[in-house]
Structures are given as structure tokens and as C-alpha cells.
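J.: Dock chains X, F, D, A, Z, L and S against the given chain W, drawing on the hints supplied.
Protein chains: 8
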Amino acid sequence: MSTPYTRLDKNNAAVLLVDHQAGLLSLVRDFDPDRFKNNVLALADLAKYFNLPTILTTSFEDGPNGPLVPELKQMFPDAPFIPRPGQINAWDNEDFVKAVKATGKKQLLIAGVVTEVCVAFPALSALEEGYQVFVVTDASGTFNEVTRDAAWSRMAAAGAQLMSWFGVACELHRDWRNDVEGLGTLFSNHIPDYRNLITSYTTLKARK
Amino acid sequence: MSTPYTRLDKNNAAVLLVDHQAGLLSLVRDFDPDRFKNNVLALADLAKYFNLPTILTTSFEDGPNGPLVPELKQMFPDAPFIPRPGQINAWDNEDFVKAVKATGKKQLLIAGVVTEVCVAFPALSALEEGYQVFVVTDASGTFNEVTRDAAWSRMAAAGAQLMSWFGVACELHRDWRNDVEGLGTLFSNHIPDYRNLITSYTTLKARK
Amino acid sequence: MSTPYTRLDKNNAAVLLVDHQAGLLSLVRDFDPDRFKNNVLALADLAKYFNLPTILTTSFEDGPNGPLVPELKQMFPDAPFIPRPGQINAWDNEDFVKAVKATGKKQLLIAGVVTEVCVAFPALSALEEGYQVFVVTDASGTFNEVTRDAAWSRMAAAGAQLMSWFGVACELHRDWRNDVEGLGTLFSNHIPDYRNLITSYTTLKARK
Amino acid sequence: MSTPYTRLDKNNAAVLLVDHQAGLLSLVRDFDPDRFKNNVLALADLAKYFNLPTILTTSFEDGPNGPLVPELKQMFPDAPFIPRPGQINAWDNEDFVKAVKATGKKQLLIAGVVTEVCVAFPALSALEEGYQVFVVTDASGTFNEVTRDAAWSRMAAAGAQLMSWFGVACELHRDWRNDVEGLGTLFSNHIPDYRNLITSYTTLKARK
Amino acid sequence: MSTPYTRLDKNNAAVLLVDHQAGLLSLVRDFDPDRFKNNVLALADLAKYFNLPTILTTSFEDGPNGPLVPELKQMFPDAPFIPRPGQINAWDNEDFVKAVKATGKKQLLIAGVVTEVCVAFPALSALEEGYQVFVVTDASGTFNEVTRDAAWSRMAAAGAQLMSWFGVACELHRDWRNDVEGLGTLFSNHIPDYRNLITSYTTLKARK
Amino acid sequence: MSTPYTRLDKNNAAVLLVDHQAGLLSLVRDFDPDRFKNNVLALADLAKYFNLPTILTTSFEDGPNGPLVPELKQMFPDAPFIPRPGQINAWDNEDFVKAVKATGKKQLLIAGVVTEVCVAFPALSALEEGYQVFVVTDASGTFNEVTRDAAWSRMAAAGAQLMSWFGVACELHRDWRNDVEGLGTLFSNHIPDYRNLITSYTTLKARK
Amino acid sequence: MSTPYTRLDKNNAAVLLVDHQAGLLSLVRDFDPDRFKNNVLALADLAKYFNLPTILTTSFEDGPNGPLVPELKQMFPDAPFIPRPGQINAWDNEDFVKAVKATGKKQLLIAGVVTEVCVAFPALSALEEGYQVFVVTDASGTFNEVTRDAAWSRMAAAGAQLMSWFGVACELHRDWRNDVEGLGTLFSNHIPDYRNLITSYTTLKARK
Amino acid sequence: MSTPYTRLDKNNAAVLLVDHQAGLLSLVRDFDPDRFKNNVLALADLAKYFNLPTILTTSFEDGPNGPLVPELKQMFPDAPFIPRPGQINAWDNEDFVKAVKATGKKQLLIAGVVTEVCVAFPALSALEEGYQVFVVTDASGTFNEVTRDAAWSRMAAAGAQLMSWFGVACELHRDWRNDVEGLGTLFSNHIPDYRNLITSYTTLKARK
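Protein chains in written order, with the UniProt record's numbering: chain W, 1 to 208; chain X, 1 to 208; chain F, 1 to 208; chain D, 1 to 208; chain A, 1 to 208; chain Z, 1 to 208; chain L, 1 to 208; chain S, 1 to 208.
So that you can see chain W by itself, here it is in the shape it has in the complex (with noise of 0.2 Å):
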């Protein structure tokens, strides 16, 4: 066995968003815009309703690079925003690390673009230093199939847990009676073939 199981806790998680910025998301081309939108919209909110500690932090924002894209930075206005002035490798700046330390969590979900570098280095790096770390896959991107495959290759032969944003959620749950209204609104924002079976539902319940 590889990489032993080892599960998401609530209590013990904090999430790095890497990069998110205006001019890098034109590079993103191994995923469909409005779904990688989607995809990470909902891993912010799912930061937000677990109570995440989140990390944010920017490549070079006043070069071509953009700013980070403003939804992020509106969701987290409290959060720890470090725009790295040259450093590739976030692990590599030291706020950066001291802002993840600061958050006394040791599971580490990362996403960012793009894929082999804004979120294969810290990851790796954070391996490294002894952190679980979990990819949210689906909330990076990077230009193609072929860049990504070879990022998640080196990324889970070094330890790191492939996910998604949902079974990040779930994992992070655990039971639905924590709070069914919370998470159903959460998966009915950002899904909607979800919100699609939650409608017929209540309608159909409605008229009775």
C-alpha cells in the first residue's frame, strides 16, 4: 500500500488557493471554463462553511499575471493573503508557511493554477515537511490533459491524495444530519444536475 488511507478532518484541515488570478485562468484549458468556475467557487464555499482556516495567495499580481480573481478575494476578507513578490513555489516564501503553521492544522487541500507548478510544488514541498496533503484536483487547472496527468503522477507518488471538491465536502461532513440544509444548499449551488432532483423533490412535496 502505497499511501495509506488517511481522512479529512474538519477539525484538523486548512485550504490554500494558489494563484487563482484573472490573467493566469486564460492558460487553464484542461477543463471547460464555466465548470472550472463552478469548481472553484465551490471549493471556496466549502472553505467558508467548514470554517477552513484558507490561506490566499498571488504570483506577481501587478504584472500580466491579473489579480486574483475578486470572488475570492470578497469570500475571504479576513484571510491571510500573501502576494508573493517572486517566489514560484508558494512553500518557498516565508509568510506563506508561517500563515499555513499559523493555522495549527496538519491536512493541507490545496488547488490552484496552474496544476505542476502553483500546485504540485507546495504540495510537494509540504510532503515533505510531514503535512497530509490533499489535491483538490478539480479546482486546478493548468493547459492540457497531458501537463496534468504527468503533475498528478508525481504529486500521488510522493504521497499526496487525489480529490475532488465533493468528496472533499463529503469526506469533511461525515454525516448528513450535522446539517442537511447547509450541505444540500452548498451541493444545489454547484451542481446542477443536484439542484435539478432538490427541485422536482420540494415541488412534488409541495403538492401534496
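Worth double-checking, as some hints may not be accurate.
[What the hints assert, rightly or not] SDA-like mimics (lysine to any residue), calculated; alpha carbons at most 20 Å apart, straight line: (1) K205/F to T185/F; (2) K205/X to A206/S; (3) K48/S to H190/S; (4) K205/W to T203/F; (5) K205/L to A206/Z; (6) K205/L to D62/S; (7) K205/S to E61/W; (8) K10/X to A79/X; (9) K48/D to F81/D; (10) K73/A to N189/L; (11) K205/X to D62/Z; (12) K98/A to F81/A; (13) K48/F to D78/F; (14) K73/D to T203/F.
[Claimed, not checked] Computed list of chain X residues with no C-beta within reach of chain W, every gap over 12 Å: (15) S2; (16) K10; (17) F76; (18) F81; (19) W91; (20) D95; (21) V97; (22) K98; (23) K105; (24) L127; (25) Y131; (26) L183.
No lab work stands behind these hints, which were simulated from the structure alone. Treat the numbers as computed from the prediction; the structure is a model and nothing was measured. C-beta atoms are modelled at their ideal positions from N, C-alpha and C, and glycine is treated no differently.
T.: Using the frame of chain W, we list chains X, F, D, A, Z, L and S on its own:
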């Protein structure tokens, strides 16, 4: 030239939204659900933006087909809404045709679920009666690509013009100077790549 | 308008099933086998449901092409069955044409294996003799998508209308009120997504 | 060798069917619906055929997730059926684990909807407790291929073996001579290409 | 009906093989090389089998385009072979047109590399001069699918009929009884699935 | 024949490059960026090579759409360059139409971003005014393949001919002997496979 | 490093061809039939070329699975041929294992139909007994890509090395100087692109 | 963790370019030719930019494999260039290994044609001798995706890290502040989307 150019005119166009129902949407598999939801809402938004008369219709919404998706109902509270008691081709429903005629428009923008039935049947009937028909292809969904391709072939052969919601918006607007902000907002809300361009642009401008 | 709308009429339509033979089916690779089997049986079911005169024919069924698939034989025990002694185009077989004429119908629904031969040849011949031809595209299979696209182009250019079995069923039925349960059963048996809608709906209704 | 070969043994295997519910199935988009339905029923059939203890479980079936698909309920009227009141990971439900333990089997065949949650969570938990876990990949569905690939990577890294229902049937049966007709029927019912081979073969044989 | 049916007639058809040269073949990427090689040789075989007058031509074969593939040269030692000194459209070469006219045939089967140039140009020119043109689509290759689709659209709009080598063979042969073994051998040599059918069939027959 | 062959003539053709702007290019997802850049530059190169009058136009280049890509500006320093103040259809801009008319050409090669708007609208308008329109499909990009297919259908139905830059170059050149080296260089610069053929050929020749 | 490099050695390798039967081949859909046929024959040719001991086996060849494809039988008239009376895993057949042991080789190249059964089962069994196992992936076929991916994952996790027939040939040959013509002929016969390179090269050379 | 993170260090890395020859490139079909050419030149450019010792090697370049592509030769006029007289695995050539050792580097970046042979063989050999191996996946090409996937699996299982040229550049550079313009130019020359960002940014900045 089998189908000569007829140009969309915002003073002569109406929108027909056919059977975008919560249950039926689970049948749509020629589009990713995130993209399809966005396309349908974009078409609805443009109908509002250009003040196009819009007609809503559903098939059997008390049964498994489910209710009209709530967003559409909310956006068009005063639009004619014709829940058909059984006719599969909306054009076989007198109220529907009456509502179309009442708009006084000769150009019909049609979208719906599923493409080869709920879109194709009224599109073909309307062509037969002399209307100019524009199929909004990306706000119309069906079981798979094979089925879609066959439906497109049949409609195009009968004289329908195949368009996208973006093409429709541009052809109706004609000149950005008619309203830069309005059209820009429409695009920003429904085209993530376009929103990113605007974000980068306005951020950089503001910084001066 | 190169091919104006002609609408299927259940009192004027016949079904031609050409060469759905156990051996020939191994040639079909433009559809997944599970889907293709379902499509062919759905077309057969709708032919029964609408009481459309149906004609079966095979090519060389004593040789490697193999026998007609048993389900079709069982479903149409009294239908004209013309095992052609050699003619590749079924329309070159006098008995076949006689059987078609004997139906007295002017609208022909054609499906078969392989698309560019067993479907296209009789479709083109029937068009030439003034029949209205509707190709049931998803109950017709061939070697690959390239071949299929070429065959579709040739048939559409000659005036055939490309449809799916679902579109055919809907156009023939016209109004759900003619028989809700019958059509619902047809769809439930051949569209898993639709069956799921019905299951959820009836379960919830029963629970009230 | 990260995961050495452990061979399925029909005397030591149990089947866990997790959340194949009418509503949730509308979320499955990494398989064509015709194929997916067939795969799930094939797995159910093989469980019956080999008399494997089978456990059914659902999540929230009174809500929008919908009821267990009726075919499964009918096929396993006496199987333990655990409608979970809220636990997302079936392994968090005591009754479920008790039912698993009660089988006395050490090899667990798991399939469900959606793959990265309803399959992966109990699979990872079972591995942790020392079970041999076999994921029936083609009877497990989810939102898209990206999500599936990530889930597979996580499960394989933890020691799960990825299989198909056909591979499972073959590994359990071991020798055709144990029952030619039974296995042949199973394959004929769920593999159209195989059925065609049998049809051609038996027809030709009968003709002698 | 934009292009009415004209049926291939083996007494009125000639084959034009345009620029199947060893160098140019490296440009073909809309077909897998194994399949494309097979398709070209199948077309050549059928030309021989039906004794169709065949004309070979190349463009600049002393330069990087390379020589005609040797198999074609060997199969048609006595066919008119027109190495064009520079004309890109073979129809601009007087000798080529003279050779076509010398056949006395009115139906031209054209295949070549690359589709939008070496096939489309002479196809369009021949149509203009009143020939019936049949493009053998799967023995014609080009850079990618986009380019191919555009070329097909242009040729079909001008009245060319799109076919496959298999469709051509069947339409020329008309009736298996004209020669079962000959046509069977042609198919067996170029359609692995068909060969397998024959192998199974003849083996089983012999066993009786 | 819906659109008879009209042949490109280098003395009667002009090139219209519509809205190849740095911002808008981020919307293009029906082509890989490396390929699309190459196709656009290849079209520009061939316009220069054949001395075709070329007209450049942009939409709102001071806003988020961004400036014309610098390569095009540098290649055509003296070409008419019409930054449109607002018209979406370039043909609605008087200066643009005047520039087209000033060329005295009747054959228009049009390419741009995005296909269904910036290409389709002027293409349809030009057809209406009697021009022969050739869409350079692979130097025109848009959001996705669905949108592209719909746009192609609309333009082809109105009489536009769909081509690739390579087909255009070949049809304009007609005979290699007009200039072997020039055309060879054009191809070598934009078709890696062709360059490789030339490299191998010239290396081997030089070695003698 | 989960599976360290072990290098193929032509003096220590044997080839196992499992169940390449005429009937079973109709199940293979993860490869185009032209390509698959070529890959299997290429593997057979290289086994002959390198004089590798080769073992043939079939499952139930008197039934619908059909006979071994005749080409393989003809190429290896003296090879051990073990028609298994019922064992699905060839390694469960004593004669087969005896034949493997009789070769005295420790490196096994395995290919067959279908991948997750006829290849995976003996591959896993052989690994367990200490053999070095090399799966010839492209001469092994199955129902679809999902099934193949799962089978590859299982075999690789157990220590099998995944290769292609071309990689096998190159690793066995090691140095072109051992025999340029022999290896060149093997490649020329099975790689159309390579044959074209040779054709162009030898033609140009001969012309000097 | 099967392959722990080892980080690229520009003072400890060398680049091996294996068999990027004009003839062999015609075999590469897992990448579009435009993209592949760009990727290879990007890797070459970054090798120059970071002053990494680079070694070139070819196989049989006097024969049909053809010469090294001229761009690579021109870019590295003084690099060790080892035309191998016959060894397929470059690591079997003493001069090549000597050249590698002479660099004194322990991290090897390997790219070549074709992936499963010219890349995989030396990669596996170098791993065996204790080197850290980084495969530049997108500058390495082969016959098709199936073959590539198998080769990646074999190399990753033996401990190679799979990367892209962009990931390599970023990991070597570490901090933009080391040289903004240099890295920006590298990206601008090889990533059209990135160049567009820079164009828009600098144009807007200049306008202030």
C-alpha cells in the same frame, strides 16, 4: 445558396423556451451540466436585456418531467406560460401559437430540451408557416451528440439557422455603442474568460 | 430550403429493418454495443406500439453474416421477412419492394447495418421513387464515425430526413393524451434516465 | 510490488452495493446510461449467480436522492438493506459494518454512486481494517472522468484492486466446466457482442 | 433535394488515385496510419477486382513529397501514370484529363492526399465539367479533422457524393451472386472483423 | 448543387483579418493555442506571399478585447487598418466596406475571432452583396466545437465556401513551377511535418 | 521505486499468446480493428524474429469463442498449443505452466484477449511465482478503455511492466548492428510511417 | 510514498535530447505537430537559458531516421553530439554515458522520440545507476496515447518523475526576481496565451 442570410432584428424577434424542466434536464448529455445551465441562463438574460417577448412552455410538469426550472419562472413572471396538457410539439398547442402570433414578431429564437423533439418540432412547424427560425443550439440539449447532429441536419435542411446565444446577442446588439456596459455585463456574467479580461483590464486601469 | 418539413404520420408510416444480423453486428463500432442494442430494440418496440407495418430483411443469413437477431424475429413473427438471396441493396429485391408497396404507406422509417450500404442504398432508391424517407440514425450502425458521417451527408443531400428513435416515437405519438402509460412504458424501458425520473416520482407520490 | 495479487475466491467474497438510487444516478456522467445500467445489473446478476452475500445500502432515500433502483430491491429481497440515516461513508454506520462482518468474508467487492464518495470512503475504511478490497469500477459512476481518475488513484494507492464486473465473474468462476451454461447465460444477457457469437454459433450448429 | 441519387455502375466508373506518395503520407493525421494504409489498399484492390480503369498521378515525386507508394505502382503496372510537373490540381494537367476522358467513363471515384487539395480540386473541376463525382473519403487523408470537415462541406455543396471504400464496393457489386468468393475475399483481406466471421463460420462448417 | 465551385484567383482575392486581438484570443478554445497561432500567421504569410490586398480591423481595442496581435501589425504596416468604434459586424462599418471595395476584388478570404460573430457576420453580409466568400476555417476560432459547427452550418447554407489556409495557398498558387522555393518556404515555416520532409530530402541530397 | 527496471533479454524471454480467437476478437473495442490486427501480428513476427519460445493457448475453441486466428497457427506450427478445456486463467492449466517452465525462461511477454482476464490472470499468477512479467499492452484488447485502465492498474501494482510491441522489439534487439535489415523489415511491415521513411530514403538513394 | 520529492536544481541538472530526428518525428502522433515542435524548442530554449549542460544524440542518422532537426543543431553547436552507430538505448553507448558523467550533474532531464524506447531506455538505465531522472513528457513523443501511457507507467514505477517543460523551467528558476525578463521572454515565445497576456498588459501600461 440553400438558406440565404436573414439578420436578427431586436424589434422583430421573440424567444421560445421549450421544456427546460427539472426532470427533463437529467436527460441532457451533449453538454456538461455546468455549461448547459450557464447557456440557458445566458439566453434568458439576453431575452430580458433586449426586451424580447418571451414565451415559456412545459410538457406535463406535474409528472416525472418536473417543473420548469425556477430561475426561468422568476425571470419571466409576466411572460405567457403555457403548460401543455399533452401536445409534444408545442406548435400543436393553440395557446402557444396564439401567444407567438400575439408577439407580432417574425423571427423566432427557439431553445429547449430535448433538441430533436421540443426544439425541432416547433422549429419545423414555424418554418412551414413562414417564420424565420433561429435555433439557439447551445441552450438546447439532448441525449448525445449523434442525436443532436441528426436533429441539426433536419432543421438546417428545412431552412433553420443554427446559432449560439453569444451570436444571437451580438447580432441583436449590432453596435457596442448602443450600450457598452449592458452588453459587457451580460458577457461578464456568462463567459468566465471574458470576465477575466475585464477584471485584468479594470484593475490595471484603476491602478494608474 | 433543401428538404422541407414532412411530418411523420402513424397512419402513413412503415418500418424497414435491414440486416440486423448476429454476425454483421460485430462490424458496428460507431456505437457502444449496449447503447446500440437498446436503440434497435427501442425502434422495434415503437414499431409494435404504433402498429406500424414492419418489414424484415437479411442478407445471406446462412453464411458468416449470421441470422437475424432472435429478438427481432420473436417480436415480428408475422411480418414479411425477406432473406435476400444476394441483392445488397434491399430495394433491388422484388419481394422486398412488393412488401413495401403492399403496406400502402408513403413514409419509410429505415434502420440497418451497415449504415452506408444496408440503410443508404434502399433509402436512396426509395427517395428516387418518391417515398418520404426517415433514417433512424441511432438504430443504424457502421464501422466508424467517418464512414457514418459520409453516409449521412449522402442521404441528407438526396432528401432523407435524419432522426433518432426517440424523435420518431414523439413525432408519431403527437399528444401524450393519446396514451400516457403506453408511451411512458416505452421510454421507461429504453431510457434509463427517464425510468429513474418515473421511479422517483411514483415512489414519492405513493408515499403521500 | 505495491499491491501483490490476491485472488478472488467465491467462498470468501461479499458484494456491497452502495447508493444506486434513482435520483443519484442522474449525477453519473462518466458512463453512457445504457452501459451503466447494464453494468450494475450484470454485477447484481453475478452476485446472485455465485451466491455471494450481498449488502444494499442507501443514503437518505426519502429525500431527493430517491429510492434504490427497483431492480436491485427485487433481486435481493432477503439481503441486508441498510438505509443510512445520515452517514455518508457507509462504514460509519454500525449496522452496515455489522452486516459486513456477519458475512464472515474477507474479500469485499464494492460498487456504488458516486465513485469518489460512496465507493471510495467504505473502500478505504475496509482496507484500513484489513479487508481485501476489489472496486468494481464499471458498476461505479460519478460526475466525470477527471473525478473518477482521482478517485481511482486514491483507492489504488491505498491497496484496492481495480476490476470490472466481467473480470470479477471470471476470477470467481475459475473454470468453465464448473457450469458452462450458467456463466454463458450471464455473459449473453449482459454482453451483446457475446450474445451474437452464441446466436451465430448455435444457429449454425442447429442447422447441421 | 440538393444532390439526387446517382448510382455507381461498374461499367461507367473510373478510379483516380491522387498523390498517395511516401512523403506526403506523413502529413495525414485524420486517420490512424494502420487504418489509412488498409483503406487505400482496399480501394486499390476493389479497382482491380471490378476492372475499373485506374489513373495514378503524383506531384513532384523527385522532391520531398517522395515517390508513389510502391504497392500502388505494383498493382497497376499498366495504368496511366501521370507524374505532374507542377500542377497542384491534377485537372490542370492536360495528360491527366486526357487519360480520364480516354476511359470513356462518367463516374469518377477520387481519393488522395491531402483531401482539401489533391482530392477536392480535381473533384470540383470534374463536377464543373459534368462528371458524377464520388469521393472515397476513407482513402483520402489530411492534416486533421477540422480541415477534413471543411473540405467535405465544400465538395458536398458542389454536388460530390461522399462514400467509403466499402460502400463503393457494395454499390458496384450489387448482388453477391455475381461472385461470392471474390467479394468475400476482398472484405476478408481488408476488414479484420469480417475475416473473423468467416474464420469462425468456415471452421465450424468444416467440423461437421 | 447548392454551392457550385468558384475557384480562387490570386488576381481577384482579398484577405480580411477580423479581430485577432490579444484579449479575444483567450476566448478561442476550439483550437490548441500553438496550432491556432500558427494557422493565423500562416494565413498572414500567404497573404503577403501572394500580394493579396489585406484589411485589418479590430473591435474596441482600447478595452478588454486588447490590441491587435503585434505580429499582424508588423506584417501589414501599410494595410488599411480599421479600429471599429462599436460595430460588431465589420460590414456595418463604412470605412471597412469602402476598404474592401477599394481592393476591386470579388473574392474575399475571411478569418477572425470569434467565428460565429466576427467571421460569420461580415461573411454573410458580403455574400448578400454578391461577393464570393471563402472562410479560412482554421485561422478562425471560437469558444468550442459546438459553436463552431453551428456557425459553419449557417455560413455554408448561405453559400460560403469553407477552406483551410493550406487549401487557400494551393488554390491560389495553382502550379509549383510558378515558384517552387517560395511556396516551399511558406509550407516549411508552418507545417512541421513538411519541414521534416524537406530536411531529410535536402540532407540526403547534399550528402551525395 | 515500486518496480525497478528489469531489462528484457532475448536469451531469457518467452512469449505467451492467450486466446486470440476469431470470436473473442469481436469483443475488442479499445483498439481499432486494423491497428489491433497489426499489433498482434507484429508481436508474432518479433517472436519469430528473435526465436523466442512461444506458447499458444485458447479457451473453448469449439464453442462460440471460435478458433485461434489462422495466421497465428500458421506462424507457429511447432509451438506448444494448449486448448484449455475450461480453465479461465491459463496458469490454472498444468500443461500450460509446464510448457512455460519447459522454456527455461524467466521473462514472460504476455498478450491476449481480453486484457483484464486472459492477460491479467496469468500475468498475476506468474508474478506470484517469481517470473518477470512484461505485458504487451497493444497486442492485448478488451471491451473499452475503462476496463483496460483498471486492468493495467491492477497488473502494474503487482509488479508487471507495461510495454508495447515496438518497445519489446527494441529492448530485445539492443543494437541495430546485430541485424539492420531484419529489424528494419519487421518495422517496415508493421509501421506504415516507418515504411514510408524507408521508401523515400531508398528511392532517393537509388536515384543518385 | 513510492517516489519522494527531489527538487530540480539548476546547478545539478543536465539535459539529454535523444533522437529528435527529421524522419523519426513523422512517427509522433500523440501530439499535434505544431504543439510538439513548440515543446521541443521550448525545452531547448530553457536549457540554453539556464545554461544546463546539454547532450545530443541520434540513432542512425544517415539512414531513414533522418538527421537531427536543424534547429537543435544550431542552438547547441558546442554540445556533445553523439551519433550512435547502432545502440538503441543511448545508455549502451559509452561515449554518451561518458558525456553524461562529464557534466558532473546528478539530475537528468530526458526527452526524445519515441517515448517508450529512446526516452524510457536511458531513463531506466540512469535510474539504475542512481541518477535522479526527470522525464520531460511533452517534449517526448510516440505513436499514440496507449503506447505513451504504458511507457509512463513503466518509468514512474521505476522512480522517474514526470514533468512538463514549463514545470521544469519553473522549478529551476525558483524565483522570478532572479530574472523577470528572461523567464518572461521564454514563456512569451512558447506560450501564445501568455504572450497575449503580456501584449495586453504592456499595451495598456504604455497607454497611460
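J.: Tell me the numbers of any earlier hints that the structure contravenes, in ascending order.
T.: Hints that this structure does not satisfy do not exist here, as all of them hold.
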